[in-house]
Structure formats: C-alpha cells, structure tokens
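Visitor: So the chains spell out like this:
There are 2 protein chains.
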Amino acid sequence: MKTIVLFSGGLDSTTALYVARSEGREPICLTIHYGQLHEREITSAKKIAVSLRLEHWIIPLSLPWGGSALTDSEIALPKGRSEKEISKEIPVTYVPARNSIFLSLAASLAETKEADSIYFGANALDYSGYPDCRPAFLEAFEELIARGTKAGSEGKKIRIIAPLLYLSKAEIVRLGYELKVPFEWTWSCYEGRETPCGECDSCILRAKGFREAGIEDPLMQTMRRA
Amino acid sequence: MKTIVLFSGGLDSTTALYVARSEGREPICLTIHYGQLHEREITSAKKIAVSLRLEHWIIPLSLPWGGSALTDSEIALPKGRSEKEISKEIPVTYVPARNSIFLSLAASLAETKEADSIYFGANALDYSGYPDCRPAFLEAFEELIARGTKAGSEGKKIRIIAPLLYLSKAEIVRLGYELKVPFEWTWSCYEGRETPCGECDSCILRAKGFREAGIEDPLMQTMRRA
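Protein sequence lines correspond, in order, to chains A and B. Under the working numbering, think of the first position of the first sequence as 1, with each following residue one higher. Under the working numbering, think of the first position of the second sequence as 1, with each following residue one higher.
Pulled out of the complex, with its shape left as it was, chain A reads as follows (with noise of 0.2 angstroms):
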C-alpha cells in the first residue's frame, strides 16, 4: 500500500523512510521547502530518494511572516545548551503551526494518491519543546482528517505512524543503524553551513544518540576526512 513520508532529510525523518520500507510500504516522499536556513537537507533528501528511486515531491512554501529562528536570520539560533535545557520549553526554533501545515499537505498527498497513511518522524521524547510533536497532537490530526476530507466522508482512514514518537535518540540511531539509514548523507544542523556547527539544538541531540547509542555518526567521520 502506498504511504506518504513527510521527509527532511534529517536523521529522523530518513529513519521513519526506512521503517515505512521495512514494513513493505510504498514511500512517497514529500518534502517541503518553507524557506528553512538550512535548506542543505533538501539536497540531503533528494540524494536520499534518488538513491531508492523514490517519487518525490518537493514543494516550496512561503511563511513570509516568520516567527522562528529557522526561517529568520535575525532571530539567534540557541547554541551551546545542555540536553536539560533544550527541553525544557518551547524553543525560539519552533516555527508557528509548521507540523499542521506539513501534515495537511500531506493528507493532500495522500488522498490524491489513494495513501492510507503517513509516516511522520515526530519525536516526543528527546524533544518535547514542540508541541507539534506530541502524540496529542498528531491524534487530533488524524481526526480532523477523518472529518475534513473526501477520503474520511468515504470511510477511508488516512492514518498518521510515528514510529520514532516514543524512541529515544539512542534507539532512533540504533534502530537506523539495523535499516542501514546512509546516516553520512542525512542532514541535522540547523545551520546552513558546509559543516554542521556543533553547537545547535539539533547537533546537540544528534550527538547525544549516537554517543549514546555506541555508534560514531558517519556525516562526522566524513566531515574530519574532508
């Protein structure tokens, strides 16, 4: 059956791509391209679906209005936080109603495509600071698409999987290590730059799972190589 990955090219979503796969799910992959600083990890996602001869839709969107520090540069990236403080509260990184916006498309997606399904790499553990993220969230989704659209009206669920939502880190690099996510082309940092800047949220917690998990981060070894 066919199912629509709501795909970044980060660590999470890819490994969310590759457990649709494991579970003998047709990917189509959706990606969307809201104006994010660190559009590197579009090129990272394209690399990836091309690799799997993957249909990929990429679709860019304007959020003019801003509001994150992830589509404005004029709002600092917090850096150098510990694991504590970064899920502590609902970061400057949050970007105003993004997995609302991202999971609607989706559910576009999907019922054009006759999908019964959406993989979506949320993470409530690791990251709790974004409330688009939590396992409330995500069922109030399912049920408004189960209202709002023709597919529902019809008696077809469109069904969200978040395989990642209750993993830790750790468990999300395992877990991609077993599927062999090509972790060396998946992309974390926030930042845009040729390498990843280390001190970001997302670099923070990248390297706490595969510290924590006993595995070294491929993207690294490549980035000291070069």
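Be aware that a few hints might be false.
You can't tell identical chains apart in this list, so a pair holds if it fits in one copy or across any two.
What the hints assert, rightly or not - For lysine to aspartate or glutamate, the following DMTMM-like pairs were computed, each having C-alpha atoms within a straight-line distance of at most 25 angstroms:
| # | residue 1 | residue 2 |
| --- | --- | --- |
| 1 | 113 | 26 |
| 2 | 113 | 74 |
| 3 | 156 | 143 |
| 4 | 156 | 139 |
| 5 | 156 | 72 |
Note that these hints are calculated values from the structure, not bench results.
With chain A held as given, fit chain B onto it using these hints.
Guide: Only chain B this time, still in chain A's reference frame:
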C-alpha cells in the same frame, strides 16, 4: 484585537471580512494562490484589501499533484447542475485537504501576529458538499491548534469564527448588502475568464443567493454594461 481573515476575494470570504470589521476586529487578510484556475479571484482580493487599507498576505502554494477540477484543467468543471444536484455529493471541485492547509497557514500567521481568531467564510448550508466546510471539521481544527501550537500550550486560544456557517446564500447576500460589501469587486466563478460563466456550481449558487435575497448582483450589472 487582531484577527486573520482567510480571504479569497469571493462573495463569502469578503462578507466574512466585513463581518470581522463590523465586530470591531483588526483584520489581517490571508489569500492563498494555490494554482486555482480562477486566479482572477486574487485580483479581486487585492482590490478589496487595498480599498480598506488592510495588511494583506498573498502566499503562493503549489499543489502540483492535482486531484481537483479547480487546479487541474484536465478535469472538467460541472456545468448547468441544478441546486439540488450540487449539494448531493462531494464535487470534483473539492481540493484534497484544502481547508486544512489554508487554516493551518492562517493559524501560523495568527500565532506570529498574536491574533486571537481566524475568520473563515465556510458555509455548511448551501454547499454542504465539501467535507472541510462542516462544523465538525472546524471544531476538530480548533482542537488541533489548541494542542499543537505554542499559543495553545500557553493557554491562548485561537478561535475559528465562521459567521456564515449556518446562513443560506440569500442570507449571506443580505448580510453583505447591509455591511456594504462591494459585490461588484467579488469573484465567484470557477472559470477564470473575463466574465462569469453562469453555469458552474459557484455561479449557480451565487445567482440563487441574489435571486432569493431579491437583490440584483452588481457584478452581473457591470458585466452587462461592459
């Protein structure tokens, strides 16, 4: 208080905008250019927003997967249907998950601008064919943003206000007439030609509304003069 108005430039959303103003709101208009074949409505939206000196965001959004007669010229628009036929089933002009996408974008703008509500010209009575115009859908969306936004996490509710939800088209026309909506600038026809086709579902419902309200449609008067 600031409010976001989902504003297409059509009869319903323009009336919703005038209701928001009459209720003492400060409207910020949001128009989505989603590849609708009748993009002429965007010209209408601009003209009306400029005349009222309102902040107006026009967001281009490509939905390249089609799936609707409104975005795919290969799918024929229904023509000459009776009013009864129109509301019987979900029509081919349904755009998959469109209002979920639009409301999510409105919620993003609302959060960024600290607006407390979204005015939405949905109508469940004379156009009950669209599942994403039904009251149950709007309730589910309010719940979604309560759970999935920073504003919601902080206890700031963003309300969806649908002032036309239970009105007939005739009642909408009468309400717009009282509020001095510039009907001649609004655009309803699903075809993007010089003059309204008079035969698509949207033209038929608009004509019904004016006829039953006993008011002449100034757009049609203008067209006859031209």
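Visitor: Does each hint hold? Answer for all of them.
Guide: Hint-by-hint comparison with the structure:
1. Taking the shortest alpha-carbon separations for residue 113 and residue 26, only the intra-copy value of 11 angstroms comes in at or below 25 angstroms, while the best inter-copy value is 40 angstroms.
2. Proximity of residue 113 to residue 74 under the C-alpha cut-off of 25 angstroms is restricted to the inter-copy arrangement: shortest distance 17 angstroms between copies versus 39 angstroms within a copy.
3. Taking CA atoms no more than 25 angstroms apart as the test, residue 156 paired with residue 143 passes in both settings, with 12 angstroms inside one copy and 22 angstroms between copies.
4. In this assembly of identical chains, the alpha carbons of residue 156 and residue 139 lie at most 25 angstroms apart whether taken from the same copy (16 angstroms) or from different copies (20 angstroms).
5. For the homomeric pair residue 156 and residue 72, the shortest alpha-carbon distance between copies (23 angstroms) is at most 25 angstroms, but the shortest distance inside one copy (39 angstroms) is not.
Hint check: no violations occur; every hint is consistent with the structure.
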